[in-house]
Amino acid sequence: MQNQQPPLVKSAPKPASDPAHGAAMIFLHGFDDDAMGWENIATQFHDGNKLPYMQWVFPNAPHNLDARQNAWYTPSSLQPAPPGRPELAPDEDEEGLRKSVAYVESLIDHLTSRGIPPNRIVLGGFSQGCALALLTELTSRYAGKLAGIVGLMGYLPLPDIIQKLRTKAGLPHVVGHVPMFLGRGSADRLIPRSKWTEGLNKLKQLGVDDGAMEIKEYEGLAHALSPAVLQDLSKWLERVVPQLED
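Counted from 1, the sequence shown has number 80 at position 80 by full-length UniProt numbering; the numbering is strictly sequential.
Careful, some of the hints might be misleading.
[Claimed, not checked] Simulated restraints, written as ranges between beta carbons of each label pair: (1) Val-174 x Leu-65: 22 to 28 angstroms; (2) Asp-209 x Leu-65: 38 to 44 angstroms; (3) Lys-235 x Leu-65: 23 to 29 angstroms.
[Unchecked claim] Restricting the straight-line Cα-Cα distance to at most 27 angstroms, the calculated cross-link-like pairs of lysine-lysine (DSS-like) are: (4) Lys-99 x Lys-235; (5) Lys-145 x Lys-204; (6) Lys-204 x Lys-235; (7) Lys-216 x Lys-235; (8) Lys-168 x Lys-216; (9) Lys-50 x Lys-99; (10) Lys-164 x Lys-204.
Hints in this document: simulated from the structure, not taken from any laboratory.
Glycine is no exception: its CB is placed at the ideal position from the N, C-alpha and C atoms.
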């Protein structure tokens, strides 16, 4: 992509001698942000000796000419269509989303070329990054192959055409078992609760196994992270990419 900085990579402080026993997290930032705003998450994990075998990859979104900000796709209104008028729903940037999915696929390709298998790679994101992570899991050639998905303070984009995109990609009609950690703040005013709920319902309609989803709502939290979110995320990560013996 044009006008895009390379990812920021935080190496594992205690890497596994066998790359196949390591782990990686690709974490996608939100709208009008960049990778540097998120590397502190990896620092906190490493300083606390949490998942020391995991490397973190923080990609940078390109500069979006329409939005005039760093963005994975051109944002649209997240307000629902008026009752009975689905044709008035705001258009989403399908082209921009699909281009960003292809870019995320290339990041996963790079990790696998270095010996880290897809089932030891977690894909996550915040806000727009959450939307992109979910869409990548549901429609890309890595669908169903990753260790898990982390979606924080975001929503599910293109809900009405995901099944069509899956069919076009030759993916199964039913998604099945995909570990997901999904969290939002109860005081989040940027992502409407209706949009969050719509996404959860659509994931169930697509056949995501209920038992694979860990869904958290953090009382009083706005459009941000908190120590409680990171504590829960750490415990979840240790389950989906546990340390393996070398």
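Each hint tested on the structure:
{"no.": "1", "hint": "Val-174 x Leu-65: 22 to 28 angstroms", "in the structure": "violated, 38 angstroms"}
{"no.": "2", "hint": "Asp-209 x Leu-65: 38 to 44 angstroms", "in the structure": "holds, 40 angstroms"}
{"no.": "3", "hint": "Lys-235 x Leu-65: 23 to 29 angstroms", "in the structure": "violated, 41 angstroms"}
{"no.": "4", "hint": "Lys-99 x Lys-235", "in the structure": "violated, 32 angstroms"}
{"no.": "5", "hint": "Lys-145 x Lys-204", "in the structure": "holds, 19 angstroms"}
{"no.": "6", "hint": "Lys-204 x Lys-235", "in the structure": "holds, 24 angstroms"}
{"no.": "7", "hint": "Lys-216 x Lys-235", "in the structure": "holds, 13 angstroms"}
{"no.": "8", "hint": "Lys-168 x Lys-216", "in the structure": "violated, 32 angstroms"}
{"no.": "9", "hint": "Lys-50 x Lys-99", "in the structure": "violated, 33 angstroms"}
{"no.": "10", "hint": "Lys-164 x Lys-204", "in the structure": "holds, 16 angstroms"}
Consistency note: the structure conflicts with the earlier hints numbered 1, 3, 4, 8 and 9.
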